[in-house]
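Those letters in the sequence shown? Residues 34 to 151, by this note's numbering.
Just to be clear, a hint being listed does not mean it is correct.
Taking CB as the label site, the calculated pair distances span [as the list claims (entries may be wrong)]: (1) PRO104 x MET139: 33 to 43 Å; (2) PRO59 x PRO82: 31 to 41 Å; (3) ASN124 x PHE63: 38 to 48 Å; (4) PHE42 x SER68: 17 to 27 Å; (5) PHE103 x THR65: 21 to 31 Å; (6) HIS70 x LEU99: 15 to 25 Å; (7) LYS95 x SER68: 17 to 27 Å; (8) THR66 x MET139: 22 to 32 Å; (9) MET139 x ILE106: 16 to 26 Å; (10) TYR146 x SER125: 43 to 53 Å.
Think of the hints as simulated: they come from the structure by calculation, not from any bench.
Predicted, not measured: the structure shown is a model, and the values here were computed from it.
C-beta atoms are modelled at their ideal positions from N, C-alpha and C, and glycine is treated no differently.
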Amino acid sequence: MILFIIGFFSGIISGLGIGGGTILIPGLIFFTTLSQHKAQGINLLVFIPTAITALFIHFYNKNILLKIAFPIIITGLIGALIGSMIAVNINSEMLKKIFAIFLFFMGIYEFYYKSSRR
């Protein structure tokens, strides 16, 4: 049952464009016996259908500027290749710490950026 709840909330966050991995990866780590590598691998697989679903809705509502999206896609693919090669060569504990630090700084950024824009 917990996997369904994690998946549901991860899907909602993905649909909002925030990134379902912020829910899915910690959820899998805390509530299963998966390693950080396996949780991140599952996150990448789950990302495909949820992203396609959200993409159709955002494309239909004209929320995508292709002129801006294509350069980001190309450089993102290069970054994903480099990042995945780094991730498979880092031990699970270090990867977990890097992910936690990333989430921490993104939370601080979102909190202060959103607060200062109001």
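Results for each hint:
1. The given range of 33 to 43 Å is broken by PRO104 and MET139, whose C-beta atoms sit roughly 22 Å from each other.
2. Checked against the hint of 31 to 41 Å, the pair PRO59 and PRO82 fails, with Cβ atoms roughly 21 Å apart.
3. The beta-carbon spacing between ASN124 and PHE63, approximately 19 Å, falls outside the hinted interval of 38 to 48 Å.
4. The beta-carbon spacing between PHE42 and SER68, approximately 22 Å, falls within the hinted interval of 17 to 27 Å.
5. In this structure the supplied range 21 to 31 Å is violated for PHE103 paired with THR65, their Cβ-Cβ distance being about 37 Å.
6. Between HIS70 and LEU99 the beta carbons are some 34 Å apart, a value that contradicts the proposed interval 15 to 25 Å.
7. At roughly 41 Å, the beta carbons of LYS95 and SER68 sit outside the given window of 17 to 27 Å.
8. Range check, THR66 to MET139: about 26 Å between beta-carbon atoms, so the 22 to 32 Å window is met.
9. A beta carbon spacing of about 21 Å between MET139 and ILE106 agrees with the range 16 to 26 Å that was offered as a hint.
10. Taking the beta carbon of each, TYR146 and SER125 are about 31 Å apart, not inside 43 to 53 Å as hinted.
Hint violations for this structure: numbers 1, 2, 3, 5, 6, 7, 10, all remaining hints satisfied.
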